[in-house]
Structures are given as structure tokens and as C-alpha cells.
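Trainee: Construct the complete structure from the given sequences, taking the supplied hints into account.
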Amino acid sequence: MKKRIEKYKIRHWGDDTNCKSIQELKEALLTKYLNLSVAIHFEKRGIIWVRFITIKNNQVLNSYGDESLFDFQELEDDYND
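Residues 322 to 402 (this note's numbering) make up the sequence shown, in order.
It is worth saying that the hints were derived from the structure and are not from the lab.
Any given hint could be a false lead.
As the list claims (entries may be wrong) - Okay, derived cross-link-like pairs now, DSBU-like style, lysine-lysine, Cα gap no bigger than 35 Å in a straight line: (1) Lys347 to Lys377; (2) Lys365 to Lys377; (3) Lys330 to Lys377; (4) Lys347 to Lys330.
Mentor: Right, here's the structure in full:
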């Protein structure tokens, strides 16, 4: 049987955390993963999608491109499509 992820899963070299909400996700990122780069996995239409982010200076940033602030609403919109 296929193993399902929670609504959101933070992945960092085996130190993974499942989160049920955006709020829980934010709290985990800012406490457990401060000053690290991680991947957020979430399922949409049967496909697992990934967003790469970096947490530094108490901010959640996109890991690639201009390293702008990560838009959690985008993640929620992606999940609810």
C-alpha cells in the first residue's frame, strides 16, 4: 500500500516533521529548522509536490531565485486546487 504523507511534510536529511496545518508548519520551521534549508512536500492530485525553502533570521525564504519571502498562501492554494 502507498504510504501517504500528512498535509505537509518538512524533509531535512532524515530529520523529517509532519504537519497538519500551515500554522503548525510555520512553528516547526521557525523552531526546529532555524538556519537550515529544507524541502516541504505536499500532495496535490495524487502527485507529491516539493517547495525548497531556507529559514534564516527568523524568516522563511525561497531557496532558489531571488530568495524572497516564502508565500505560505501559495502553498495552501496549491494544496486546495
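Trainee: A separate judgement is required for each hint: does it hold in the structure or not?
Mentor: To see whether the hints hold, each was checked on the structure:
Only pairs whose Cα atoms come within 35 Å are accepted, and Lys347 paired with Lys377 is accepted, the gap being roughly 13 Å. Distance hint between Lys365 and Lys377 is fulfilled; the C-alpha atoms sit about 28 Å from each other, no more than 35 Å. Of the pairs offered as hints, the one joining Lys330 and Lys377 holds, with about 19 Å between alpha carbons and a cut-off of 35 Å not exceeded. The hinted pair formed by Lys347 and Lys330 meets the criterion: a straight-line CA distance of about 12 Å does not exceed 35 Å.
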